[in-house]
Structures are given as C-alpha cells and as structure tokens.
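There are 2 protein chains.
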Amino acid sequence: MIEHCNRCGSKVDFVTPPGDSLPRHVCSACGHIQYENPRLVVGCVAEWDGRILLCRRAIEPRYGYWTLPAGFMENGESTAQGAIRETHEEAGAKVAIDAPFALISIPHINQVHLFYRGRLESPEYAAGDESLAVALVAPDEIPWGELAFRSVTLCLERYLDDRSAGQFEFHETFLNP
Amino acid sequence: MIEHCNRCGSKVDFVTPPGDSLPRHVCSACGHIQYENPRLVVGCVAEWDGRILLCRRAIEPRYGYWTLPAGFMENGESTAQGAIRETHEEAGAKVAIDAPFALISIPHINQVHLFYRGRLESPEYAAGDESLAVALVAPDEIPWGELAFRSVTLCLERYLDDRSAGQFEFHETFLNP
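First to last, the protein sequences are chains D and E. Residues in the first sequence are numbered consecutively from 7, following the numbering used here. Residues in the second sequence are numbered consecutively from 7, following the numbering used here.
Just chain D, with the same shape it has in the complex (with noise of 0.2 Å):
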C-alpha cells in the first residue's frame, strides 16, 4: 500500500488528478504521482525430445507445486529476452524462442502472463534458488494437480492440444476470480 511519496516521503493523498478519470497516489507536499500498472510475467514452454521442462517452486506463494520457468519481466529486456532469462535462472536451462504461444490478463491481480514455445538447446538443467526441483516430464506424466498456477494449467493444455493437432497457434484469454 503506497503511503509515502517516493521522490519526497511526504503522505502522499488518494486522488484522481486533473485530467485524470481514476485516482492516484498523488503526493501532498511536491505532487508527484505514483502510478500503479500491472505487471508482466514472461515465460517459457521448453521442449526436448517430446519432453516439457517445469520446476516444483522453493518459493510462496504455492510453494512445493509445479510450474513453467517464467517469472516478473525486468526494466530493460524484451518479453522474449525475460523469458529465456527466467527459464535460466530458475531451471538452469538455456532455451531458444520460436514464438509467442499464450498472453494471459489476471485482471484481479494485476498480472499479465507471456509464455513463449521453445527448446531447450540441450537436455541440461539444475534448480534455481526459486526451485525445489526442475524436470523434464512427458505429457502423461504432467502433475494436473499439483500445478502451481491457474495459467499454467491453461497455457499446458493449450499447448498439448495444439501439438497433437500439429499446428501452434497464438491463445489470448484472461481468468477471473
């Protein structure tokens, strides 16, 4: 919860600025506003040899379930650089990108999800610090109900669906509540 102003730590007021149609963080002393935007989480579905890479998290939230190597897109990298960045630093893995696969808004928490379709250059990996484990698992052995996110379970599906249907396509959608 922003309290303080950023630039001058006076109590900042929440107000909606001229001009404006939504309230800010507007700061009662130098009058700098704090915007508040959603934030990317870029990541990767990495194949090898008919094979998907997921990592079991070492962090909350949902920690000890399973997800796909994806993480917050930093300041100064592009979608595609943050996801092979994150499958990286969480699965010890380099990955090459082929395409854009799903683009997913959680309006309710402010996250847009991007995972991109691409390989894993060679089958090596090792956990991260965020990773209990990393793995390379068949579709048939895909833990459904130990997935971490409501979006990797979507982004998998759609992904398995489209690859037994020999043609990727590019999903958007969103989740509610």
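Calculated lysine to any residue pairs in the SDA-like style (CA-CA distance at most 25 Å, straight line): (1) E:K100 <-> E:E163; (2) D:K17 <-> E:F20; (3) D:K100 <-> E:G25; (4) E:K17 <-> E:V32; (5) D:K17 <-> E:I8.
Over the 10 Å line for every Cβ pair with chain D, so calculated as not near, a few chain E residues: (6) W54; (7) R68; (8) P145; (9) Q173.
I should point out that these hints are in silico values taken from the structure, not numbers from a laboratory. Quick reminder that beta carbons are idealized off the backbone N, C-alpha and C, glycines included.
Put chain E on the given structure of chain D with help from the hints.
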C-alpha cells in the same frame, strides 16, 4: 527517480537484496522493496469501411503527431479491455476487438506495446482530452512522416502488408534505441 520508501517515507538505498540478482530500491528503515517493472501500453488498429482510426496527440511526448489509440494498461483490466478503453477515451469510438496483432518490446524505455485488430461498431468518433483530432484515414492517406512513435509505424506497416496479403498474422518484435 525513487528516493524515498512509499510505505514509511524513509530514504531508500539502491542495493541488491539477498537472493536477488539486481539492485532494487530498498528502504533503509523498514526494508520494503520498491520494484520497477516495464509497463504495458495497449491499443488498437480499428477499421471502418477500409479506413483506419488515427488520433492526433494533444499531449507530450510527440504533441501534434498522429498515433493509433493506445495508452498505459490500468490495474484491474485485461489487455483487451484496456485497448477498448483507450480507443474510447482518446478517439470517442466504440470498438470490437478481433485479435491481438502486434507485441513490441521497447527495452530502453521499459515498455511493451500491444496492439489489437478491431472494428468500429459505428462510424462515430470524437477527439478525447488527449487528442487534438481524430480521423478515419485510407491507407494512402496515412501521414507516415507525422506518426508519433516507431511502434505505431511498425504496426501500421505490418497491418497493411497483412491486409494486402489477405491474412493477418500475430507479430512479435522489439525496437532498439
């Protein structure tokens, strides 16, 4: 520039927190971390009778230049809802979204631009507070030399190419400085 904690108002340090790989703005008193992440700009290529909706900017940056209706995505909305909202705010137009069309990372300004394809529901439009003018322009009337942003130029080029080819693809790329 972040100088103060937005929770307690104390001074921040720019240091790499334990377990992190990048420096962040960390409060020297309460330890709260203020993350900075790229922002999504969402917009629309909206057609009516073969013409495309453009807005002439009434705000900086690029005052007086032409752009597609687009703006920063807000918390609590999906990317498509944001594109519809911005088209209504800037161009006074109601648009039906067909599909995502172009995703353009711009790492040096920490933005990701997402443009949809859509259609006006009726040929009604009007300049909003952030527009000097709004127009439905034929492809040969697009003011290429007076477009506000490179992402808009790129999106319109791809759009007209795809339209000529009779098939719309989803385009993903990035822009360097």
